[in-house]
Amino acid sequence: MNIPSLWWIDWSLHGKSMRRETVGRFLLCFLAASYFLAMLLSGGVDRFLAGQYTITAILRIGVPDDEGGGIAGKVIAVAPVREALYRDPEQAWKEFLGAYPGLESLRSAGRIPLPGFVEIRLRPGWMSEEGIAQVRSALEPLPQVEKILSGGEIMPRLLRMKWWANVLLWSGFALVCVVFAVFLFLQEKARAARLLPDVSFLADRGVPGGLVATRRAAGAFVTGGLLALLAAGASCAALLFLAGRFSPVRVVVGSAQELQDARFALPAVLFLLFATMLQVLASLAGWRAAFPKGR
Amino acid sequence: MIEAFRVGAVSRGKTLWEGLDLALGDGEIWVVAGPPSCGKTVLMNILRGERRPDLGDVVVSGESVYKGSPEHNRRFRAASGVVPESLPGSAGRTVEDMFRLSALAAGEVPAAERKRRTEELLSLVGLPGAEEAGVSSLSASERARAALAVELFRSPRYLFLDMLLANAGKEWEDKLGALFRALAKEERTIIMMERQLPDRWQGGKGSPPVSAGPFSLSRVAAPATGPKGAPSVPPPPGGKEDRTGGRE
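Chains as they are written, first to last, in my numbering: chain A, 1 to 295; chain B, 1001 to 1248.
Be aware that a few hints might be false.
Now the stretches of chain A that chain B is said to cover, found in silico as 3 or more residues with beta-carbon under 8 Å [as the list claims (entries may be wrong)]:
(1) 7-14
(2) 190-202
What follows is a list of derived Cβ distance ranges for each label pair [as the list claims (entries may be wrong)]:
(3) A:Val178 with B:Ala1112: 54 to 60 Å
(4) A:Phe274 with B:Glu1119: 42 to 48 Å
(5) B:Ala1112 with A:Val222: 32 to 38 Å
(6) B:Ser1139 with A:Pro208: 29 to 35 Å
(7) A:Trp170 with B:Ala1112: 19 to 25 Å
These are computed hints drawn from the structure, not numbers from a lab. Fair warning: this is a prediction, and the values are worked out from it, not measured in the lab. A virtual CB, placed ideally from N, CA and C, is assigned to each residue, including glycine.
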């Protein structure tokens, strides 16, 4: 087997410190991958809010149950809707009494004084004014719908706060990436400086420094890709475990099984590529910092 | 063949020498002797393409090392081995690490072959089993011999040795002489920088010393009476000789 040995010069000459550095690198990459996957699944605070927030379509008194169920079936076809449940007047009455006990006397002669309603929950990605407007415009033309409760005037403020919360969370991810990049750069710079006598030795024997730098970068591409893949795999496993074990994780982040969804494939590939290229660039930048041009 | 034409060197504003002519043929052993600080190491660095001479030029295989193509200079370096006067003993660096580095310079050498040749070469220079020894723990003589073994690993066509005999010690003069003679028979050129030519190396089939600037240049025939039987140099990595020594 013809192994391109200069690719692994660091492993060959500084194996012990490379193993130590790789552990640190893996941990940071694992942290970044976990953060990224959690953000991808949860959409920041979107999933949590989508779990708490409902749009309620109150039907007119006397709307038959099959029509109420039909409205729920229709509204679920609207893109932003994740779940739509019809509650008949009987269920509505029970919920009312649960909330306000002692008012049984309001029900006279067996008639239920409350109408049925449809409870609608949005998909996390559609927790926006646009998503709410789409659901409202689907419900408003229906003659059976008496009133739509969707949060009223407080919602734009709440959604703005949600936007800022997401910006803050993504900034946290960016910060983790910056820390990862700085950590990689410092590691690479220190190691390149330790390689100085070895590089001089090789240069004296006809192996140019530029060749060593590019071969090391090629090696960093392979090891960096593997490391990113392993870290992402480990964070998937951790998420799967935590979401299965702790329901708050499921509520806030979501289930790791959802990652099998095709829409996550591209961001996952981009993350792996980003983590790999970061390591390649750190290798080249560390080299350049340790051996400035002309040295 | 390495040829120096009217070479001169200036150091710290002082001319060390000038107008030096040299012709070092293939399969020859040369000793450049001179007093301390006369510029032996400077001359060695000029001859091996490391330091541009202040005057004159160095030509190898018909092309200037300094004015020719960078690729020619690189190939010449790849075909050369150098044992410096003092080998830095980096902390934690073992003799095996030095061989590993030499193997990287040589190109693709399988680990098993590297290990086998390392053992052979260390035995050849009287350091059997020294693979795991830290370079900084070796004596000056051991370091010099280990450095020579590390260079021999790549089977260089040109071998530049700075104060190797002085560092290795008198008891190694004959053994190393026999080794160099074996190498010279394989058409390798050996250039040694020493304070003086060893007594036992004078005379014989070699040419009488010639004065050139502050140096005394001697083409020597290393003594035939070395240790029992001339040492055999293990074949180069890959089993075949790389005459250019260049990494493609």
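Do the hints match the structure? See the list:
1. Residues of the segment 7-14 of chain A with a Cβ under 8 Å from some Cβ of chain B number 3, which satisfies the need for three, so the listed coverage holds.
2. Taking a C-beta to C-beta cut-off of 8 Å, the segment 190-202 of chain A contributes 4 residues in contact with chain B, enough for the three needed, and the coverage statement holds.
3. For Val178 (chain A) paired with Ala1112 (chain B), a C-beta distance near 45 Å fails the hint of 54 to 60 Å.
4. Under the hint 42 to 48 Å, the C-beta atoms of Phe274 (chain A) and Glu1119 (chain B), about 46 Å apart, fit the expected range.
5. In this structure the supplied range 32 to 38 Å is violated for Ala1112 (chain B) paired with Val222 (chain A), their Cβ-Cβ distance being about 23 Å.
6. Taken as a hint, the range 29 to 35 Å holds for the pair Ser1139 (chain B) and Pro208 (chain A), whose Cβ atoms sit roughly 34 Å apart.
7. Remark: the range hint 19 to 25 Å for Trp170 (chain A) to Ala1112 (chain B) is contradicted by a beta-carbon distance near 52 Å.
Violated hints for the displayed structure, listed by number in ascending order: 3, 5 and 7.
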